[in-house]
Every structure is written in C-alpha cells, then in structure tokens.
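J.: One-letter residues, chain by chain:
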Amino acid sequence: MSETPPRVVIVGAGPAGIRAAEVLVAAGLRPTVIDEGARAGGQIYRRPPVGFTRTPKQLYGSEAAKAKALHDIFDRVSAEGRLIHRPRSSVIAVRDGVLHVLEDAALRQLPYDRLILATGASDRVAPIPGWQNPGVYSLGAAQIALKAQGVALGRRVLLAGSGPLLTLVGTQLLKAGADVAAVLDTSAWRRQMSGISGLAARPVFALRGLAMRARLGGRYRAGVVLEGIEADASGPVAVHWRDAGGRNRRTECDTVALGWHLRAETHLADLAGCSFAYDPDWSQWLPRTDPMGRAGNGVYLAGDGLRLLGSDGAERAGRLAAAACLTDLGLPTVSVAADLRRLARLDRFARGLARAFPWPAAMVRALPDETVLCRCEGVSVGELRQSVAFGGAEANRAKSLSRVGMGRCQGRYCQLAGAELIAAQAGCAPGEVGRLRGQAPVRPLPVGACLHEG
Amino acid sequence: MNAAGRLVRLAEHDRAPVRFSLDGHASDALEGDTVLTAILLSAGAVRAPEFGTEPRAGFCLMGACQDCWVWQEDGPRLRACSTPIAEGLRLLTAPPENWP
Numbered sequence: 003m004s005e006t007p008p009r010v011v012i013v014g015a016g017p018a019g020i021r022a023a024e025v026l027v028a029a030g031l032r033p034t035v036i037d038e039g040a041r042a043g044g045q046i047y048r049r050p051p052v053g054f055t056r057t058p059k060q061l062y063g064s065e066a067a068k069a070k071a072l073h074d075i076f077d078r079v080s081a082e083g084r085l086i087h088r089p090r091s092s093v094i095a096v097r098d099g100v101l102h103v104l105e106d107a108a109l110r111q112l113p114y115d116r117l118i119l120a121t122g123a124s125d126r127v128a129p130i131p132g133w134q135n136p137g138v139y140s141l142g143a144a145q146i147a148l149k150a151q152g153v154a155l156g157r158r159v160l161l162a163g164s165g166p167l168l169t170l171v172g173t174q175l176l177k178a179g180a181d182v183a184a185v186l187d188t189s190a191w192r193r194q195m196s197g198i199s200g201l202a203a204r205p206v207f208a209l210r211g212l213a214m215r216a217r218l219g220g221r222y223r224a225g226v227v228l229e230g231i232e233a234d235a236s237g238p239v240a241v242h243w244r245d246a247g248g249r250n251r252r253t254e255c256d257t258v259a260l261g262w263h264l265r266a267e268t269h270l271a272d273l274a275g276c277s278f279a280y281d282p283d284w285s286q287w288l289p290r291t292d293p294m295g296r297a298g299n300g301v302y303l304a305g306d307g308l309r310l311l312g313s314d315g316a317e318r319a320g321r322l323a324a325a326a327c328l329t330d331l332g333l334p335t336v337s338v339a340a341d342l343r344r345l346a347r348l349d350r351f352a353r354g355l356a357r358a359f360p361w362p363a364a365m366v367r368a369l370p371d372e373t374v375l376c377r378c379e380g381v382s383v384g385e386l387r388q389s390v391a392f393g394g395a396e397a398n399r400a401k402s403l404s405r406v407g408m409g410r411c412q413g414r415y416c417q418l419a420g421a422e423l424i425a426a427q428a429g430c431a432p433g434e435v436g437r438l439r440g441q442a443p444v445r446p447l448p449v450g451a452c453l454h455e456g
Numbered sequence: 004m005n006a007a008g009r010l011v012r013l014a015e016h017d018r019a020p021v022r023f024s025l026d027g028h029a030s031d032a033l034e035g036d037t038v039l040t041a042i043l044l045s046a047g048a049v050r051a052p053e054f055g056t057e058p059r060a061g062f063c064l065m066g067a068c069q070d071c072w073v074w075q076e077d078g079p080r081l082r083a084c085s086t087p088i089a090e091g092l093r094l095l096t097a098p099p100e101n102w103p
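Residue numbers (our numbering), protein chains in the order written: chain A, 3 to 456; chain B, 4 to 103.
Note that these hints are calculated values from the structure, not bench results. Each residue gets a CB set at the ideal place from its N, CA and C atoms; glycine is no exception. Please note: incorrect hints may appear among the correct ones.
[As the list claims (entries may be wrong)] Here are the computed distance ranges between Cβ atoms for each label pair:
1) B:N101 - A:E65: 44 to 52 Å
2) B:R22 - A:A40: 19 to 27 Å
3) A:C430 - B:S24: 51 to 59 Å
4) A:A40 - B:D31: 20 to 28 Å
5) A:N398 - B:P20: 17 to 25 Å
6) B:P98 - A:E396: 30 to 38 Å
7) B:N101 - A:F207: 54 to 62 Å
8) A:A28 - B:N101: 51 to 59 Å
9) B:P98 - A:A235: 14 to 22 Å
10) B:P20 - A:T329: 49 to 57 Å
11) A:R347 - B:P103: 54 to 62 Å
12) B:D31 - A:R210: 35 to 43 Å
13) A:E105 - B:P98: 24 to 32 Å
Generate the whole structure from the sequences, applying the supplied hints.
T.: Following this line, the structure appears as structure tokens:
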C-alpha cells in the first residue's frame with residue numbers, strides 16, 4: 003500500500019451506505035459519502051427536516067431502534083470528522099475511476115480508488131389505464147409524504163399493487179388519520195400461500211405482516227385485477243377493478259398510490275461497468291457480484307441496489323462490501339461469516355416474498371393499446387407494440403423507435419412493463435428482450451452546472 | 004386544477020410560516036415543507052404537461068422520476084420534491100413567457 007490513504011467513496015447514505023462507512027471508519031479510513039438526501043438515513047429510515055417533532059417510534063414503528071441506531075452512528079462519525087459527508091449531492095456519471103457529482107448547482111469531479119454503490123431502490127410500478135393523471139403516485143411517495151412531511155397525498159387514498167410495502171403504507175396512513183379507500187392486492191390468496199415456505203425464514207416479520215393486514219380489515223382485497231383509474235380534470239375520481247370472484251367494482255378516491263415491491267436502482271452500477279443478469283424471482287435485471295458484493299474493477303455493491311432484501315439485509319450487505327474493500331486494500335477486517343449466513347437466510351425469505359407477491363405480468367400483457375406506458379412523454383402501449391413489429395424484440399431498439407425509456411425518468415418506471423410487453427409481442431420471456439443500457443447523466447443536469455465545472 | 008389543493012396535513016403543524024408566490028399569487032407554507040408540499044397544499048398540480056393533457060403533480064417524491072421540476076420566475080428550475088421551500092421563492096406552474 004502506498005503512503006497516500008486510499009480514496010474510498012460510498013454513494014448512498016441509507017442502511018447499506020451507513021454500515022459500509024462505519025466499517026471503513028473503524029479500519030482507520032476516511033471515506034467520502036455522497037447522498038441525495040439532506041440528512042443520512044435513506045428512504046425507509048428517511049428523516050424529516052430539522053424542526054419536525056414526531057418521535058422515531060411514531061415515524062418508524064417497530065423499526066425505530068434500528069433507524070435511530072443508524073442515524074446516531076452516522077451523525078457521530080460525521081461530527082467527529084472521520085468521514086466526509088456530501089449531502090444533497092447526486093452522482094450523475096461514472097467514468098475511468100472518476101465520479102461526476104452535481105452539488106450546489108455545480109458539476110465536480112471526484113476520483114476514487116474504490117467505489118461502494120449503495121444506491122437503493124425505488125418502487126416497481128406497473129402502468130394501469132389512467133395512471134398519467136395528477137394525483138397518481140408511487141406507494142413509496144405516499145410513505146415519504148407521511149414520514150418526511152406529515153401529509154397525506156389526498157383526502158381519500160386508494161393503494162394498489164402487491165408486496166410488503168402495500169400493507170405497511172396502508173396501516174401507517176390509517177394510524178396517522180388518513181382516509182384509506184381500499185388496499186387492492188393483485189396477488190391471489192392461493193399465490194400468497196405458495197410463498198409461505200420461504201416466509202418461515204423470518205417468522206416475526208411474516209406475523210407482523212399478517213397483523214397489519216388484519217388492521218386494514220375489509221379495505222384489504224387479494225386477487226384483484228386493476229382495470230383503470232377514472233379521472234376528471236383535477237385527477238382520480240375512482241378506481242375500477244375486478245375482485246377475486248370476477249365481479250366489477252368501483253371505489254371512489256381522489257388519490258391512487260401504486261407499487262409492486264421494489265426495482266433496484268442500477269444506473270450507476272451499469273455506468274461503472276458491472277454485469278447484469280435477469281432474475282426471474284424479481285422480474286428484473288440485477289447486477290452480478292460475488293457473495294461479498296465485489297463487482298470487479300474496485301467497485302462494490304450493497305443494499306437494495308444489488309439484491310432486494312430490505313433494510314436488515316442492506317445493513318449486512320453494507321458491512322460485507324466494506325469488508326471486501328478492506329481485504330482488497332490489504333487491510334485487516336472484521337469477521338464476515340455471521341453476516342454472510344444471515345444474508346443467505348434473508349435472501350431465501352425475500353425470494354419467498356417475491357414469489358408470493360409477484361409482478362403482475364398477465365395484467366401488463368393485457369393492457370389496452372391506448373394505455374399510457376411512458377408517463378414522461380405519454381407514449382402508449384400500442385406505440386411500443388408497433389415498434390416491436392418494425393424493429394424486433396430488443397428493448398434498446400424498441401426504445402429508439404418508440405421513445406419508451408427515453409424520457410425524464412430514464413426508464414425507471416416503464417422499463418419493466420416495456421420488457422413485458424415486448425416479450426408478449428414476440429412470444430418470449432421478458433429476460434430475453436434485453437436490458438436498457440444506462441446513460442449518463444443519470445439525473446437531469448442543468449446546463450448552468452457545466453459552466454461551473456471544477 | 005383543483006383550487007382547494009391536493010394534500011392534507013396530518014402532523015407537524017407547529018412550524019414557522021414561509022411566504023412564497025405561485026403564478027403571481029401570494030401563498031403560505033411552513034418551514035421544512037418541500038416545494039412540492041408547499042404547492043400541492045393549495046394547488047392540484049405543480050406544472051403544466053409537456054406531453055399529453057394531464058397536469059403534473061409529482062410521482063415518486065424521492066428524486067427518481069423527475070416529474071416535479073418546476074419553473075421560477077427568475078432562475079433555474081427546481082426539483083420540487085427535494086427542494087425545501089424558502090421565503091420569497093417565486094414559482095410558476097408553466098414556463099415563463101420569454102421561454103423560447
């Protein structure tokens with residue numbers, strides 16, 4: 003090792019990034035932590051702005067102690083100057099060992115020797131007719147609004163999708179005093195039961211989920227097919243759906259929040275040169291690493307941006323990625339056996355969840371042609387289907403021809419539904435149509451920022 | 004657009020007031036509100052659509068979807084979900100008239 007201390011950069015200050023930083027700091031390194039948030043914590047343990055008064059128990063419920071422990075360790079280490087925290091900063095590109103960081107409306111370059119990406123995930127959303135209306139949000143948005151701002155996104159909120167976040171957000175909104183019109187789960191009871199063997203790996207978590215569902219009472223419906231959102235000029239008026247018995251239903255609401263579990267945020271991993279594989283359990287492309295999170299070329303991945311294990315898994319994966327980084331730098335590190343074992347167990351559990359609350363492939367394949375697929379630019383399902391006939395069943399070609407994946411969100415909210423539709427058109431599996439290549443900048447870059455490059 | 008506003012405050016009422024303007028009209032928010040919260044407490048959307056006919060009111064609230072970039076009368080656009088409201092901000096739900 004040279005005299006100059008290695009420059010290790012962590013992107014993301016959620017559970018994975020915080021634990022990675024903790025391990026590096028304990029080994030005597032001084033990592034830089036870049037994060038888009040104003041305060042460290044990530045999304046699930048997101049902190050409200052300074053001056054808000056709800057307690058961790060009110061904000062994070064049963065997970066309050068974990069959230070507080072993460073916040074405290076980060077704040078302490080940061081205050082001691084043992085890491086460099088760059089909040090409100092976005093990495094917009096990675097190339098040749100240099101991060102391009104958008105910070106204070108200026109673009110700055112940050113070279114690294116080792117890079118730990120803990121970029122997390124966002125909602126995995128499936129389009130339904132009418133979802134382009136104002137007042138339709140992701141499930142995560144409903145939770146962030148409540149947690150970080152103390153607001154409900156509307157007067158009468160309908161939640162739809164599948165996965166643990168669906169029931170969690172429903173109970174959190176009810177508890178906070180919001181009017182929850184319905185919680186519509188597209189996974190049928192039978193399907194949910196089939197995942198139960200995997201769920202036995204975390205009985206407490208599974209039981210907590212059932213208790214939450216009980217609190218939702220008759221609002222919760224399983225095995226639902228979503229037909230569409232009825233809207234007027236100001237937004238949603240009602241959601242049309244079919245119940246498990248095939249009956250047509252209409253539930254009035256002024257706000258809809260949609261989410262089917264999570265979609266790993268992988269743009270930076272892509273730009274950093276990581277390889278990907280389609281994961282049929284998660285119905286999405288995920289980066290490939292060794293069990294420690296090594297992706298090669300001095301890049302390490304941890305947390306939901308690598309494997310969708312939730313916050314407990316992210317804490318462990320963050321420690322492992324940092325340990326791998328230390329080992330590769332020739333530095334002594336902590337024992338990793340217990341974290342590796344626990345991570346394997348969490349992976350079994352998470353895959354059980356993924357199968358019990360699946361991506362609604364059949365619903366997406368059956369979407370009418372006029373449904374908006376790309377919210378950003380209003381491209382319809384029919385336009386994507388046509389592009390397959392012109393250009394073949396390859397996601398990047400279909401993107402060039404139809405612009406699905408080329409808008410502001412860069413495919414984050416349309417890519418997976420797009421792959422499903424291309425596959426249906428071509429008679430193949432979604433994993434066979436290819437993955438949209440990540441493109442820099444991964445966040446909008448104001449032209450003015452380039453003038454202040456330094 | 005819904006003049007009554009979209010959002011409902013459920014908690015954290017006890018904060019200092021912040022004044023800003025939306026499309027030339029005086030508006031109030033509380034310190035710690037995001038620009039998105041501040042706008043949607045009194046309006047139904049944060050910006051006019053570039054494509055299609057539906058106004059935009061944000062979608063992910065975590066800086067991933069880029070749906071909620073709003074105009075200012077003077078100066079660069081802001082991502083409403085991740086920018087705190089500040090005293091004196093002059094926000095627009097449509098591009099300024101001199102925008103090409």
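J.: Look at each hint and say if it fits the structure.
T.: Verification of the supplied hints:
{"no.": "1", "hint": "B:N101 - A:E65: 44 to 52 Å", "in the structure": "49 Å, holds"}
{"no.": "2", "hint": "B:R22 - A:A40: 19 to 27 Å", "in the structure": "22 Å, holds"}
{"no.": "3", "hint": "A:C430 - B:S24: 51 to 59 Å", "in the structure": "53 Å, holds"}
{"no.": "4", "hint": "A:A40 - B:D31: 20 to 28 Å", "in the structure": "22 Å, holds"}
{"no.": "5", "hint": "A:N398 - B:P20: 17 to 25 Å", "in the structure": "50 Å, violated"}
{"no.": "6", "hint": "B:P98 - A:E396: 30 to 38 Å", "in the structure": "36 Å, holds"}
{"no.": "7", "hint": "B:N101 - A:F207: 54 to 62 Å", "in the structure": "55 Å, holds"}
{"no.": "8", "hint": "A:A28 - B:N101: 51 to 59 Å", "in the structure": "55 Å, holds"}
{"no.": "9", "hint": "B:P98 - A:A235: 14 to 22 Å", "in the structure": "21 Å, holds"}
{"no.": "10", "hint": "B:P20 - A:T329: 49 to 57 Å", "in the structure": "53 Å, holds"}
{"no.": "11", "hint": "A:R347 - B:P103: 54 to 62 Å", "in the structure": "58 Å, holds"}
{"no.": "12", "hint": "B:D31 - A:R210: 35 to 43 Å", "in the structure": "40 Å, holds"}
{"no.": "13", "hint": "A:E105 - B:P98: 24 to 32 Å", "in the structure": "26 Å, holds"}
Consistency note: the structure conflicts with earlier hint 5 alone.
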